[in-house]
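S.K.: Sequence:
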Amino acid sequence: MSEERFDPSIADGRWQRAWDEAGVFRADSASTKPKSYVLEMFPYPSGRIHIGHVRNYTMGDVLARFKAMTGHEVLHPMGWDAFGMPAENAAMEKGVHPGGWTRDNIANMKAQLQRLGFALDWSREFATCDPEYYGQEQALFLKLYENGLVYRKESAVNWDPVDMTVLANEQVIDGRGWRSGALVEKRKLSQWFLKITDFADELLEGLESLDKWPDKVKLMQENWIGKSRGMEFAFTLSDGETVPVYSTRPDTIFGASFVAVAADHPVAQGVAEGNAEVQAFIEKCRAGGTTAAELETAEKLGYDTGLTAKHPFTGAELPVFIANFVLMDYGTGAVMGVPGHDQRDFEFATKYNLPITRVVAASADDADKPFAGEAEAGDGILVNSDFLNGMSVEDAKREIIARAEAGGWGSGKVQYRLRDWGVSRQRYWGTPIPFIHCDSCGVVPVPADQLPVKLPEDVDFKTPGNPLDRHPTWKHTSCPKCGADARRETDTLDTFVDSSWYYIRFASQPDDKPFDAAEVAAWMPVGQYIGGIEHAILHLLYARFWTRALAHCGMIDVKEPFAQLFTQGMVTHETYSREVGGRTVYYAPTEVKRSADGAVLVDGGDAVDVGRVIKMSKSKKNVVDPDEIIAQYGADAVRWFMLSDSPPERDLPWSEAGIEGCGRFVQRLWRLFGQYDAAATGDDKAVARKQHQTVAAVAEDIEALSFNKAVARIYELTGTVEKAAPSASRSDAIAALMKLVSPMMPHLAEEAWVSAGFDGLVAEAAWPEVDPALLVDDEVTVAVQVKGKLRDTLTVPKGMPKDELEALALASEKVQRNIEGQTIRKVIVVPDRLVNVVV
RNA sequence: GCGGACGUGGCGGAAUGGUAGACGCCGGGGACUUAAAAUCCCCUGAUCCUUGAUCGUGUGGGUUCGAGUCCCACCGUCCGCACCA
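For the first sequence, the positions run 1 to 839 when UniProt numbering is used.
Don't take every hint at face value.
Think about it this way: if two alpha-carbon atoms lie no more than 16 Å apart in a straight line, the pair counts; the simulated EDC-like pairs of lysine to aspartate or glutamate are [claimed, not checked]: (1) K110 x E125; (2) K685 x D778; (3) K826 x E806.
Ranges of calculated distance between the beta carbons of each label pair, as one might list FRET restraints [what the hints assert, rightly or not]: (4) N223 x W409: 30 to 36 Å; (5) R671 x T70: 26 to 32 Å; (6) V585 x A107: 43 to 49 Å.
The hints are simulated quantities; they were obtained by calculation from the structure and are not laboratory data.
Ideal Cβ positions, reconstructed from N, Cα and C, are used throughout, including at glycine.
Whole structure, please, built from the sequences with the hints as guidance.
M.R.: Pasting the structure below:
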């Protein structure tokens, strides 16, 4: 080997070209090898990759390369989630076309990813803004429509006044738009919906089959779907109207002391007509904030409508209130108030002096026990409840539902928190919804042969609102049914639709249809999906739904798209700041010189406060630029850092010292690789053993995505081999080490591989064999304890019988000293592990 | 409020109920060098009466020959959800 130092600035590019020319990472759908589909969440093309992308894609890359070395045909694709608001914002701010802006960003980011040497099959690359992609998405949307999974309805929607678009419930966080942060308003619009609620139960039950998903994510989805069982029944009001209510505690019906309806409930609307006071109250309810803090302190408010509701059993006339804590869009928008056994009802009843009746108690003797300032929602025995008296809560629920159903005035009901997915967006940069509005035929799907419905190129972004809607010609077309003048739908699809099936398109992308079912079957489901926890609900639930919807339409045979899910932690960094003129100024890591006891500005030397280690963000300036660190340390050092130290599901603190250590290790390996000598002779059992143990352990660690442990083991093997005297075993170990590190540091590994005189690419080499005989040591160190405290250790041949071990341990001078003058009560011997002398 | 995760050296973190702190970073000392960089070697949980011993995995209990690991209670940090009837 000639060079003393490994030079990534030369080697990185050389091997990236070599892999590309050899087509090493191209996935062959027809291969007979076992298939492995490794996927990381594709990025939004913002223009620059973030260090978080580097971590995410490095993990996937190591797995993909490892799978290839262990005999799998690997599909590891990459593409672009290319529709969405930022492109339109750029268009508005800079006057560039969203398409051009997006294309430029993709080119930049692709070059950045390529500099990291990822084993990606770029032949399958696409962007969701390609007409070839969104046209097929339109075809799928129409397929779902044909199968009754798409509908349109007038509905109150979450309107983001800044982005000027509708948001899904999931996109409203604490009453604000998830992207713009603007306070969301309610508006009535005609919207397109996907019937995700049809799949609520399936999506919930399907979670059970996902044994390789984090429990945390499954739990979040479970809560989101929010299944509850209860009873729906109607109250008859004093004005003759009926008001259906839903309750999960129908057993407590005898404790009902009022009925409450939401501000938007028809009853409330009726009462409000011509009554300014009620209108004002309703307005007040609507204005109520929805943030966590506001809800915590929000007072229960009610307006007595003067109407009464007849209790179905007691015949009592219960007052009917409009209440601020009742939601129109859950259940029926009306509830029966049972103050004794629901905390909200309790607070409400206390405020408005309504009766609080106990109907559940610990025992029949406690039937009239007073409440201790709060409702009792727990289990117990029914009391003060006529025919339900003495029953358990569960039995009472069953009984009351049975009676309601027999009497025809109510029925058991399963209720979900999950709502249908509103997919209409009043934006330009998205997939046009393929429908046409005709005055005589109504809403008509665009015929398949007229797809894709392409976005117009000439658009103007100077005025707010939907550019498609105000385009001079685009929306004017003719009705596919009657031929009369008609208008195109000007809404575009939520970008979460785009990301709901991209993984299927990666597996198969014919020109004339969305995908080929057989080819999809060859790859799906994704074997390992890796991405951020922030997509735990939205993206992952939508993708699961979409897959099931396609299966429902008979298009594919897969129900769950992602067999195994991994959510990686964030990359974090210290923050550097100073108080300047009463405000905090943040500094980038490159502007700061860090030392053991603090930090100063490179420019000027002023002291800087070293703040908490937090997620990298532009506003705190605690970011590092992937390009800069690749240029400085090389791709392999950066990749190695991404895998070292922190377990991948936890946050990874970026540090200058850490990346420098990685850079040093790359050189250290390079020096060691240079000592490979094919002509060396002689055995070194200890080295061989360490090699085989490490190969087996690293394989296990990579499969488990425990990259930090694999890294630690590679350090150990490196240390062992470095210290060993030259031998054939040592050279074997060096060669094995080249393969071991090749998924993590592929450029270094290739360079060493060719320098050592091996043929071909190490990326295509087979993972080193493991000789099971070498996995076990023939000597073991046994701990010797007296009363559970370590006193000595013994090095003995493996498999020494219990009695011999015991004798040896008792003979130990240190043991003798510690048991002096005491009686041995018991000796516990665990072969090959320890001896514990109990005195 | 509900649900969940996590608490181990200066730091990131290892550890099938069986030698706590692997491995890395930081720090200290030394070798090489005119010097530096690079590299290599040694030390590096705390305390003490330092050939050794005592203490030590958030706190307090418990189970066990033996607990970071299992059980109970508490404290703290972080995350998710939330007037969902």
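S.K.: Each hint: holds or not?
M.R.: Outcome of the hint check:
no. : hint                    : result
1   : K110 x E125             : holds, 10 Å
2   : K685 x D778             : holds, 11 Å
3   : K826 x E806             : holds, 11 Å
4   : N223 x W409: 30 to 36 Å : holds, 32 Å
5   : R671 x T70: 26 to 32 Å  : holds, 28 Å
6   : V585 x A107: 43 to 49 Å : violated, 34 Å
When each numbered hint is compared with the structure, a violation occurs for hint 6 only.
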